[in-house]
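> Here are the chains, one letter per residue:
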Amino acid sequence: MEWFDNGWGLSLVVFLPLVGALALLAVPKKDEETAKWLALFTAIASLFFGVVAAFRFDYGDAGALQLGTKLSWIPSIGSDYEIGLDGISLPMLVLSAAIVVLAIVYSWDHWPEPHNPKGFLILILFLATGMAGTFVAQDLVLFFIFFELVLLPMYFMIGIWGDKSKVKLPGFNREVETRLYASIKFFLFTLFGSAFMLLGFLALGLKADTFSIPELADLGASGAFTGTFAFLVFGALFLGFAVKVPMWPLHTWLPDAHTAAPTVGSVLLAAILLKLGSYGFIRIAIPILPDEAKSWAPAIAILAVIAIIYGSLACLAQTDMKRLIAFSSVGHMGFVMLGIATLTPVGITAAVIGMVAHGVITGMLFFLAGSMQHRYHTREMARLGGNLKLMPILGGMLGFTAMASLGLPGLAGFWGEFMALLGSYQPLEGLSLGVFRTSMVIGAIGTVLTAGYLLWMLQKVNLGEPKAEWDDHEFHDVDKYEMAAWVPLLIAIVAIGVFPKIVTGAANDAVQVLMDKAFF
Amino acid sequence: MFDYHALAPDFIVAGTVLAVLGADLFLPAGRKWLSAVVGILGLTLALIPIATLAAGDEGVRAMLDGSYVIDDFALVLKVFFILTGYIVLLMSVAYIEEDRYYQGEYYFLLLASLLGGMVMASSRDLVTLFVGLELVSGPAFLLAGWRKADSRSNEAALKFFVIGVLSAAILVYGMSLVYGMTGSLTFEGIRAASASVAEEPVFVLGILLVLVGFGFKISAVPFHFWAPDTYEGAPTPVTAYLSVGSKAAGFVGVLLVTYVAFGGAPDIWGPTLWILAALSMVVGNLIALRQENIVRLLAYSSIAHAGFMLVPFAAAGLVEGASLNQAFEATVSYVLIYGIMNLGAFAVVIAAARRTGSGQIRDWAGLGSYAPGISILLTLFLFSLAGIPPLAGWYAKFVMFLAVLQDANGWTIVLAAIAAVNAVIALYYYARVVQSVWMDAPPEHINPEPEPTGVSPSLGLAFGMLAVAVVVVGVFPELIAQFAKAASLIAGG
Amino acid sequence: MTIAQFLVLSAALFSIGIYGVLVRRNAVLVLLSVELMLAAVNINFVAFGRYFADATAGGQMFALFIITVAAAEVGIGLAIVLLIFRNRASANIDELDVLKW
Amino acid sequence: MVTAALLGPAVLAAIDGAVERSDGGVLAAGAWLIVLVPFVAALAITLFGKRLPRHGAELAVAAVGFVALYGTALLLTTLFGDGIVHEGAVKIGEFGGFEIEWAWVVDGLSIMMFFVVGVVSTACFVYAVGYLEGDVRPTAFFASFTLFAGAMLMLVSAANLIQLLIGWELVGVSSYLLIGHYWEQKENSSAGMKAFLVNKIADIGLMIGIIIAGITVGSFTISKIMEKVVESDAALDDVAVIIAVLLFIGAMGKSAQFPFHVWLPDAMAGPTPVSALMHAATMVTAGVYLVARMFPLFEEMAHEALDVALVIGAITLVIAGLLAIVQDDIKRVLAYSTLSQLGYMVAALGAGAYTAGLFHLFTHAFFKSLLFLGAGSVIHAVHSNNMSDMGGLRKDMPRTFWTFMIGSAALAGLPIFSGFFSKDEILAAFREGDHTIVFLLGVATAFITALYMTRAISLTFFGRYKGDGHPHESPSIMVYPMIGLAGAAATAGFINIPGLTDWFYKLVTTRLVPAELLGEHATSFDWTALGLGVLAGVAGIALGYRLYYPDAATQQERDRLYIPGLWPVLENKYYIDDLYMNGIVNPIKGPVARFINWTNSYIIDFVVNVVGFATRSLGWVVYSGIDQRGIDLAINEAGAATGFAGSKLRYIQTGKVQQYAAALFGGAIVLVIGFWISVT
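Chains as they are written, first to last, in my numbering: chain A, 3 to 522; chain B, 440 to 932; chain C, 6 to 106; chain D, 561 to 1240.
Think of the hints as simulated: they come from the structure by calculation, not from any bench.
Careful: at least some of the hints might be erroneous.
Stated by the list, open to error - Here are some of the chain B residues that sit facing chain A, going by a computed Cβ distance under 10 Å:
| no. | residue |
| --- | --- |
| 1 | Glu768 |
| 2 | Ser772 |
| 3 | Leu841 |
| 4 | Ala847 |
Ideal Cβ placement from N, Cα and C applies to all residues, glycine included.
Extracted from the complex, chain A is given alone in its bound form (with noise of 0.2 Å):
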């Protein structure tokens, strides 16, 4: 297991399903199973290396890079090959394989319009080896190459594939396309974020003369940045990742994209993503800019709890049962951004958990809303109801996931927002103690209105008497591919819930390593 070890591992799980989308286009465009089945397969090749990676990862050693390489790449800018795992990026990178798998398993029988299951399982594909890609890059070009190359395949599937409904502009008198709408606001707002990510990113390999981002860490942590140029290029890392989250208020694309993409578009968005925003300031903003972090902590923390808020009522005031999901989404990434505010071990280590729990919650969540839509073909809560009646399995399993989502201890959304608040009472020593507990008692607070909003969604979709509407509507329940699909979700949302150390076990002490060198 030598050549796995070396790099090669990472690397397969990584360009396996590139390959993968590669080997698809020569298949015929009619001959749909193979195409599935090469497209699964590819995909679960990548899953089978990142468990894999995941047992030859030394736990006793999570904090270090492992499993990693560096290859000369483009010496000229002096930017390398450099990948690695650590206990922060394995959770992350094994989440992303198996929603990949899992997204394929669904799309199997629910291929949204127009058709064309071959175009869409290769952009399905293309996004994996750029989330993956993203989760192990440990240089910064790479990683900007892998950030990026997600956008183009997500751009598609939401206007190709995408909600093609009209929608009235607020403000605007003109209608558009929802799916056009949706993925050019989606596909620009990230570029405008990731072009200042970039000019960020540059300044530091300038300055550093090494895009490594260990490197960068280590004279980070040393005090190599500071003043305007670290405030700057903060600034621009932030702009970058923040969109990506999303934070408030650069969130507004969210609802949109999330609304207008195809189901499992939703779920990929959802699940990853969104993460490759925090990841990217846990594994890059914080530690190559510690002191800038520090000062910036506070306005991050504040832009959170407001988050946490708003998305909450904003779901209050949602008739679509999609777009009350897309907004949980803000409040949700909100615990997770307040807990990486804290800037303490607690508090980042709840990050991760809350990224990898959002990932399974809401992406089921998605999965549910997307095979809802499929049945009603409305998303409409005011012409849904007693759905549970039509469908318990579907109905029962969406109680369970609202559940979830809803942080309910025991479940896995739990940890995150918990420990997120239990960071924020007592944040990294310097950082004002004032906005950080008022930021505690206001997430609190945030954690019942976000019940309050899941309990009336579900109580309008879930519970009544179904309309009359639907009276000679014949509906049938959870079909085995939706099953296969989503309960290895239910059981992950029940094992992370009962055993957080699935996440924790490697997630801590990487954390508590990086925030040693950073702050210590």
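Once you've looked at the hints, dock chains B, C and D against the given chain A.
This is chains B, C and D only, laid out in the frame that chain A set:
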């Protein structure tokens, strides 16, 4: 005195020009396309001495008192022009054949123009540079008006011509002033003398007029007005050539005069180019947002790209003691990558326009559903132009930003921010084309079955190679970086 | 004769050329105006070449090149103008507006 | 595959194995089964319940039966053998320096709760088998019900505050499921939501309290916190009052203390066995349990918090008692009664009477569950919750009647019944602590309690039957649990006769903390308190008898004790619900949420769109305004301004080539001039 080995590439191309002209005399009307084959063979042949020159370790080979030089920069650019010519030839074959005009002359003119570019790459004095530039431009004027019966093509040619000669006059007037102040025509001489006259208004005026002259060639704002009209009116392969070969020639000129000849006076050209860069990016991109015609859109996009390419110059000129090498390298990288992706874009545009029978973006709606291959390639090239990783364009933007931030001050950071915002704006209009192609429903009248003619093999070969190049360079940009690095050595002198 | 007088002359010629390019309707006259500008440049070069007593006669040489190039340009220009004249029976360049959007 | 992927890292991250903090024998070491079994059962019912003959009820009953037996065994071992004090833990994760564990504590307090929860649950579950016969979805019910019991057991077995919080919230969510069991009607699901959300609000306090405690002590383990209390740790002392008050806020939510009491009466929407269990052994006792569990912290470091508890308890006990008088729904009478009794318990703890408060919890569990089951039995028979539809059921349902009578006697505190002993201890404690006002309120409430129970009995079992159909006695499977509970309700008081048995005292003070920290324990009756309490009860019965027996004209029932000014207030529940709905919930759900959504669409998103459109429009302006036309304008203006070559310039306006040339030249000039200015 003459190093025939060093001159071999230029001689071979020159010979090819003549051979094409000669071949045209003997070829029967139906087989005129064979002159393209002759051209392609000649260009391929020219690569051989370039390879041996590059492999040799004799370093710089200078002739005519350093007026004509074969160094890494010259070799890299010669290869670039040859490859550009190669691709444009491939693009042209089917296109020109359909029009039944004088094919032989077409290839002759094209190759002659290319030869001008190759001469420019080697030129190290003002005379050679000017002659090279005119050799690039002259045939190009005629090429722009190639479709003689089409008044749009005529108009394109005339506009191009009038503005071209006017700018040439301005350029050469500027050169005369520079000569007058420094007493030298060679870049080295000018550089050596420039220190003592740097404050002289006439010298400054001379430099500015030279820049204005080149500003036309690279179609920088506000010297860009001819470009959209000419691009739209000229035959598309010619447009491709103009937007890449001719523009690259202009950049060769700018690189040589600013970094080599006026290397001692960056405080004169720095601010000037800052303004040109900023204006080109902003105006080019903003206007491109409103274009309905794909060629016009690409014209404005190429104006904006000229702005991006100027950014490293401006930065290098504005920061005291900045490394010119870095900026030089960045611009060369950008030019090379831009060449690949823009040629690719035009090649696909030819194919797509044939398929849809229109150059209007809205008529391309739904192209992805009935011509997925063309659409995928179009998407590839357009997003590469937008700078989306992992397509080659990202590296061009990357090194551009890298050069700006290398030695940063307030002005350069502002420029970098303008460039960053423009990168986002640019995405919008590229994405709009992509949206039309993939996401909009095809219009009723389109025949979804492939036409019997389809994409000609030569055109397919052209964009196939370019597509591979766009992806490979995007993933392994070191390929380009090495060339750019080698080429940048002359800036350090 | 000082160098300045040559320069003034050439500047004046150059300006007249520009004026001509800008205001003449007839394409042939525009062409001629450009020739005027190039002539101004030639004066400059020759004057400077003489002034410097350039051993390589760079200025004069450049002027010769410019004359040649100008001749070629006029050829090209006339070809284009002829073409347009054939197509439209007019050599007035202000009537070219097909490409105006 | 996926599961393996997610579990893999964890498995490798190594399970540290169970930690045993102190020994308590095999029985104690296996006590984690008490928690695990109901959860496993709940899962099994969810997955396979539908395929079982009784829809999963058998698994549910088996699970709680196991808990009851195990609890009894533990109880007996502790009462008659060595006291068990045991803690075991499994590490499940770490956050920074905090280790998270599943940990179970087996000591007198938790054993008492195991026993109560086990026994009462078993009774209610068995009863539910009969009650839910023919229900729309028994499987869902029994799964939730088992989960409910399991959550409560997790809560009471928690050795650390995190786990306590987990159990706490799981209780909340399962109550949501159970209350909203008949979710076809919106009122029911709304009631479930109300319970959940009101609890959730109070949980903010609990959560923050736990956070502060955890961070101050560096551990969430309760025994570690108690160690610091014993050591009088200065850091903890600084924040102890805050912690205690915050924890108490959490307790107020679960134990439905004023002003968080609003959810409890609505929770009657659930099936009656749920009400019985919820009001007796689980959920509402959680708050009392929490305060008891953390009692040394309150007692030693945060006496102010105890005072708060005393006041809150006293307020609750009176206002809820008054409300019980005006209810028509028999379950609501009992619900308000529960509130009132919880007020007793909380106030008792507030007065420092640890044992008395818990003892009342203990006895109340039996008689209140009994009363609810009785009420359920009646409802089952007459298909209505309203007492105005009942009456005269004494003859039709004798066994229900008699057991109900026993429960009522216990509730009213009639001598020898269990409530008598526990209520007396509390009243005595009030006197002991010189809380005269609270004592008087307690006595007054004893009077009110007797009054409303008499009213309920009169209206239900005496007089004339006013409902439809012919009510029959409930089936045995429902009656036997009631009989069993009646036995407990009658006799449970004997285990803590002051100075005589004191078993209960011994039980609940068998903890890791020294008994001195667990309040005073009276060793003899306080005859004054006892006398006044009994007197008040008897007076209440007498008045009730006078007013309501025998029932004649129900429609005038309301008028018999009508007190103008007070009655409308009581019938509107002091307007507190209205205040909450119209003052908080509706504004947030309505205008506030809509406003936020509006700002999102019309401000933030609007800005984004405006930037987008403005950029595009700018493109248009630059293109058609400047690029394609502006030069005309510029030349016009220049011509007009200078008058120079006006006629010549005019006609070149349309000559585009020349415009371009002009632009080229103009640009050059601008550059030159601009540069000149900047240089000089």
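> A separate judgement is required for each hint: does it hold in the structure or not?
Okay, the hints, checked on the actual structure:
no. : hint   : result
1   : Glu768 : holds, 8 Å
2   : Ser772 : holds, 9 Å
3   : Leu841 : holds, 5 Å
4   : Ala847 : holds, 8 Å
Going down the numbered hints, you'll see the structure goes against none, and every one checks out.
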